[in-house]
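Q: Sequence:
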Amino acid sequence: MKKYLGLVIFLLLLGRGYGQESWKKNGIKLPPTICYASPETHKSFIGPPAEYTANLKSASLKKATILVTYNGFSAEAQLAFQKAVDIWSELIYSSVPIHVQANWVSLDKNVLGSCGPADYFKNFNSTQTWDCYYPVALVEKMMGEEVNSSGSFEIVGSFNKDFTNWYFGTDGNTPANKYDFVSTVLHELTHGLGFSGFFYTSSGRGGYGTDGLSANFDQYVVNKAGDQLVNTSLFANPSINLYKNLTSGWLEFNTSLVDGQMPRLYAPATYDDGSSIYHLDESTYPLGNANSLMTPFTGMGEAIFDPGPNTLAIMYDMGWKNISIFHTPLKDIEFATKSENFEAKIESDFDLDSTSLYLVYSSDKFVHADSVLLLPTATTAVFNAQLNLTKIGTYEYYFSATDVKNRKFVLPSNSPSRYFSFKIGVDNVPPVLTHDPVKFLLTTNLSVPISVEATDNIGIRSVVVDYFVNGGLMKQLALQNDTADIYTGILSFPEGSVTDGDVVSYRIVATDNSSNSNVGKLPASGFFTFNIQGIYNPVERYVTNFDAPNTDFIGSDFTIKAVSGFDSPALNSAHPYLSPDADNMEFNFTSILKYPIILKPGGKMTYDEIVLVEPGDVGNNFGDTDFWDYVIVEGSKDGGITWLPFEDGYDSNAQTAWLDLYNSSFSVNNSTAVPTKNLFVQHATDLLANGNFSAGDVVLVRFRLFSDPYANGWGWIIDNLAIQDYNTASTPELLSPGEVNFFPNPATNLLNVSIQAKNDIKNMILKAYNSSGQLVYNQQYSVGSNRFLASVDVSNFTPGLYLFALEPEKGKPVTQKILIR
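First residue of the sequence shown? That's 197 in this note's numbering, and the numbers climb one at a time after it.
By construction, these hints were calculated from the structure, which means they are not laboratory data.
All figures in this text were calculated on a predicted structure; none of them were measured in a lab.
The reader is advised that the hints may include incorrect statements.
Here are the computed lysine-lysine pairs in the DSBU-like style, where the Cα-Cα straight-line distance is at most 30 Å [said to hold, decoys possible]: (1) K954 / K833; (2) K796 / K1008; (3) K604 / K259; (4) K258 / K604; (5) K305 / K258.
Cβ pair distances, simulated, as ranges [unchecked claim]: (6) S968 / D882: 23 to 31 Å; (7) L999 / T265: 45 to 53 Å; (8) S688 / D882: 31 to 39 Å; (9) S688 / G268: 53 to 61 Å; (10) P645 / S398: 51 to 59 Å; (11) N886 / S398: 46 to 54 Å.
Beta carbons: idealized from backbone N, C-alpha and C, even for Gly.
Construct all of the structure, not just a fragment, from the sequences and the given hints.
A: Written as structure tokens, this is what we have:
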């Protein structure tokens, strides 16, 4: 069983991840482990470990829930797969279910299967090694919460359906001419749970990670002298010295959870991308050895149902048996009149060493420090310490816990470099407020939810909204504390009290619990304002090309104007649109058509658009948390109170040309690419297709751009909007400029033409004209689908500028200027 890792695609840095917290936006993906078939026969059987048998008999012990989604497996293959799953489920614990995607597919010859973590993450709240990547299943175990989206997998594996000599029995009696499927799955699941890392070699140098950071496994790899290979003071990354160690023939996994020799890793003199480092040494753990499952080669007849004591020690030390510490940080206090209570919940997979549970504290950022023992409370797993703090000033602290295996864990991670802190003394700090201002209010819906995040170092006493209409009498709305720092309320206006054009002014005022009753205001001075907006009479048809002055749209998030690179005005989001720079925040930018539409049978909407918004991760769908930013068109049947989509939201992944441009230029996480008119694609929507709306419904239509934290792009542009205009909607353009890509430009020998269209194209003609307007190339193609790729030999073209025109059987041609060298 081998692990393949291409040097060029060693790591795919995503850089943009989960849309709520910054560390989740910095996950990475790694090519999965490859398991190869050995032609040798090794008839043997090692049964499940004693822990597995003991746990089966004890329903009270903690176990992991591993849920497998099977794609294409036979019933007997699923039973064998489940046997391996059941073994690992009894050997590890996680409060979060581990989701595995198992695919029964054709793979390369001699490849039994492949498996690996779906993602790796660093610097999360419970990490014990800072600036180090952990596999996602282990991250969720340590955090006690889902990290990726609910529909995503923590482990992804594929197994070769073309092998004719699998043994699917679960009794370990594998025939000498067959490969044991349970053993293969058990081996690959081990890689998926984290028995993998980032080491590689290239051009005589050894290294790890494209950003210079290692995987969790790599932190434990040491040479014969006990030197840690990721210690850059000893081994530069990359370096010849590191290569020599990776091929030294002697590397170990430095764990304290084994007696005697540490687990020896496979490190042959010739580095093998498929086997080196991330397997146990074959000669040290030969056929029949209790630790032989994770050696790189498995032959026919060999059945191993035990990860082995060394593999279990490796997995446990990496974090599958750890200590989790949970604590709500103390707020500042004004008067030290009593002892302060420091409380933490501490859960451990091994027993805790009750004599080594500490609160460590300091008043000078740990230049000097002291500690006090944490004592158990009446609540299971909850410990506390009391400190008499009478000195005015700032205090820093962290928690430290040790288990009976003498392994120490801290909270916050990387303490004491990171720590909790609080201040004793009279408070003069006002509350900090965050709020997305109201932009308008429709006359059809005179209520708007107000949500405010209010934080304070002492605590919040009250949050209110002061408001008035057209300079009139000030009124006040008290907000309620919904969650820890979120305050909400509904700002409503009685029917008839406001009308189209009225201006509402408001501000948020928060008072803290301090003796000074410090007040925070948002905005800091003055008021937010928004208008009451009227709605026009319903219509059955609406058409605009935005060329003439237009007041038909509500909201300041989108503007009608001509932007650089375009010939005429269109409906534009901000360029670039904004993204929040704080965890757990989001922006929604909207524009509402003032004309409600009376939906008709067969009603359609068309518009030309370019979408350059942050694309979701590969394999994610609209609604997944990893879908990130998106655009969507929605309708409301109740005057704007509730909104339903006409179709799913989408992002730059919708068109290859959009995605390529978005990814072509970055500043930190933000795309700086700017489009031109040749990327326009016509979008057509059946207004009744998804069942949210029916013929006869009167709906408001809005365009919405959703933006989550830490990444953005140029945005969204919409032109030539036609709603239920049957003359245009029934005969949409067959091909849009944005659906065609000519590359490379400039071209030398070959010019490639690719199409990713929404409509099927039967036939088309590709023409080329030189700078004098002469036709120099004319080729007809039979396509028969919505995708097409062809190469044009331009090696005989006279160097210069050419106009290439792609003409479908109907509609306008798509043209592109190409420089031939």
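Q: Evaluate each hint against the coordinates.
A: A quick look at each hint next to the structure:
no. : hint                    : verdict
1   : K954 / K833             : holds, 29 Å
2   : K796 / K1008            : holds, 28 Å
3   : K604 / K259             : holds, 23 Å
4   : K258 / K604             : holds, 22 Å
5   : K305 / K258             : violated, 40 Å
6   : S968 / D882: 23 to 31 Å : violated, 46 Å
7   : L999 / T265: 45 to 53 Å : holds, 50 Å
8   : S688 / D882: 31 to 39 Å : holds, 36 Å
9   : S688 / G268: 53 to 61 Å : holds, 55 Å
10  : P645 / S398: 51 to 59 Å : holds, 55 Å
11  : N886 / S398: 46 to 54 Å : holds, 50 Å
Violated hints for the displayed structure, listed by number in ascending order: 5 and 6.
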